[in-house]
Amino acid sequence: MELIIQDLGFIIGTTLMYSTPLIFTSLGGVITERSGVINIGLEGMMYFGAFAGAAVAYFSQNPWLGLLCAALGGAFWGLVHAIACVSFSAEQIVSGIALNFLGAGSALFISRLLFDGATQTLTVARKIPQPLDFLFGEGKMFPSSGFMDLVFNRFATVYLAFFLVFVVWFVLYKTKLGMRVRAVGENPEAANTLGINVTRIRYGAVIMSGFFAGLGGAAMSIAVVSRFSNTLISGHGFIALAAMIFGKWKPQGALVACLLFGAAKGFEIFLGSKGVPVAGDILAMLPYVLTLIILVGFVGKTTAPAAIGKIFDKGDHS
Amino acid sequence: MAAIDFSHIAVEMSGITKKFGDFVANEEINLTVHRGEVHALLGENGAGKTTLMNVLYGLLKPSTGTIKINGKSLNIFDPNIAIKNGIGMVHQHFMLVESFSVTENIVLGNESTKSFGILDTERAEEEVVHLSEQYGLTVDAKALIQDLSVGSQQRVEILKTLYRGANILILDEPTAVLTPQEIRELVAIISNLTKAGKSIIIITHKLNEIKQMADFCTIIRRGRHVDTVKVSEVTEEELAAKMVGREVSFKVAKEKQNPGEKILDIRELYVEDSRGVMVVNGLNLQLHKGEILGIAGVDGNGQTQLIETLTGLRKAKSGRIEVLGKNITNLSPGKIINKHKVSHIPEDRQKRGLVFEFDIAENMILESYFKPAFSKRFTLLRQNIYKNAATLIEKFDIRPQDATVQAKSLSGGNQQKMIIAREVSNEPELLVAAQPTRGLDVGAIEYVHQALVAQRNEGKAVLLVSFELDEVMNVSDRIAVIFEGKIVGVLDADDADEKEIGLLMAGGTA
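Protein chains in written order, with the numbering used here: chain H, 6 to 323; chain Y, 162 to 671.
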């Protein structure tokens, strides 16, 4: 019995850990798409964030500074996307694809410059800390490696992610700013006639989506693992995007979807650690297969913001 | 009229000119509106009424001209400035967020908040309820827009402007989408508003509504100011003449003509609608060469399904449709159009009549792109296609006279001209016209009617379906009344009596 509880704790713990990068990035997706701008460049922004976070954390030996720089790096690529899509009415999908290459390419380029031609950073000395660590261990409140330790002794990014889900939900649904963001995503013409600055709202939302994707990348590179490598992100940005859609463009929905994808990953690791006779490559497919099944089978059509992906033109050519 | 305060000028626009590139949408237009006045802005589609109002509302910058609001000179280059100065606009296509509640739509952009920008929903709802009671605009503050009728949505739009303290309301084609009952309610609302000292500008091309609602009327033609008149001193005919620039006849002139051989023969037709309800119930109808047969009836008596079946868009359950003695029942639209020469002016021109994103020339060959004149092996002959369009544009007076303009940027009347040009140039034996003048202004209506009569005079058979009894009576040679999917009476248009038809339409016996 105790063993089963411990196994369960292990699965829940890994689920939380692997969901976290997805949750950040998915929230970024919610913010930008709610304002009516599609951002499939989240993968590239996450990739860049993962690198920037690890590189800065390595050189400064300060994981928090790494996290911040990762977010700012993602936000920078968000700004690029906003300039292309909002100011120059570029096709949002195309710009997003370009950003996936740019984010990854620039990260690898800088990595080669800073780390002797390697496409990965060195291991950071200090990862994101586990703020509740003091509660666990010999003679503390809970024993180490028990259920409580496995589930709740998590990196600070895990708690931050859950907190931000609440913040994003609150801002979107309870504040003036959030109402305006949603209005711009549903009917920008209406918002414009009411004197709302559609351009400014969309810039803000797209930049924030990059900021969140950057956080997601760093949550991977300096919390889940302790360095950036070129295969670290490999599709997590897209999974986060799928989670956002599966979560019906809502922060709380995205959270549930990310936990589901994270659980697939947790399960994969659990099975691997138990030496289940299934090839690791097959197990590693689990989250991706789940993504496909969910997108094909469970996502309704009608819940997307009405003006999503459409170019907004104020109509004055004077 | 009683509410007008002539000592107080609410809006004074002078010398307004607005150019889009080379195109002059407004030229030297003047407009004066007093406090408590209802002022109609009359003009054909594309005359520049909406442009002028977009200038007043700050959505467009005028090229030249000045605007005074309540005697104060203003530079309105942004809706925020217009709103601040008490101007509110209700757009023809409502500017509402469908998934938001009534209250959210009303307060958007002007939200009441607690600290930290947190929305104060309760207070907002109270304010909305208070405002709606004050002006007799009944709405449910908590309902979602997507669940509301069009009339209620319009009330939300009006409340939106009042919430921002509007004293000058611009209503763009306010009755275009309303039912007769909703129009009566709107008239009452407008009267409440003027009594409260609001000034109202109505953009319209419907003459009877001007007579019904407005005190004064400014007429605009092709971007220019024609006249400003006191509504009580002019007739509808005079207004129409000023708007179009010539005498407009409401009656269609046509020579008596003897119908020829039988073109269309419908026998015992049964058709179901999409829900599986039988809506055409054993319908019989014959139509001859050189004849316009009008089908009169209240909306929803099977007209739509009859036309869809006739043009191959819907399958008949049973029965037989013949064109020139050949069976066309349940053939594909392509066969019906090109082999049996049936042309169709569809009810919904945006959905079925045109490809909005295509240009004029491309829309003109939608039914004939494969013919040798327009294509060779796998390629389209662009030159011929644009030459063809240029000829049709000239012949049917389509504006702008540029074959490369997208269909969606044309006015409704010109879109309809495009469809007529295409359908007529296909040399049909039978022309089916479904609601061909819906949403058009008087000038365009006259044009469409003349085009139908011209087809008849050339010896084609024309089937006209319309919910406007006046139109059916004016244009047709014979009138068939449809009720619950059956023809319940066929009358000669010359000795048809409106009362008699009305009775048949309602299911009575003549």
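Simulated from the structure, these hints should not be mistaken for laboratory data. Do not take every clue at face value.
Said to hold, decoys possible - Lysine to any residue pairs mimicking SDA-like chemistry, simulated, CA-CA at most 25 Å apart:
{"#": "1", "chain 1": "H", "residue 1": "K253", "chain 2": "Y", "residue 2": "S260"}
{"#": "2", "chain 1": "H", "residue 1": "K181", "chain 2": "Y", "residue 2": "R284"}
{"#": "3", "chain 1": "H", "residue 1": "K181", "chain 2": "Y", "residue 2": "A304"}
We went through each hint and held it up to the structure:
1. H:K253 / Y:S260: holds (14 Å)
2. H:K181 / Y:R284: holds (14 Å)
3. H:K181 / Y:A304: holds (19 Å)
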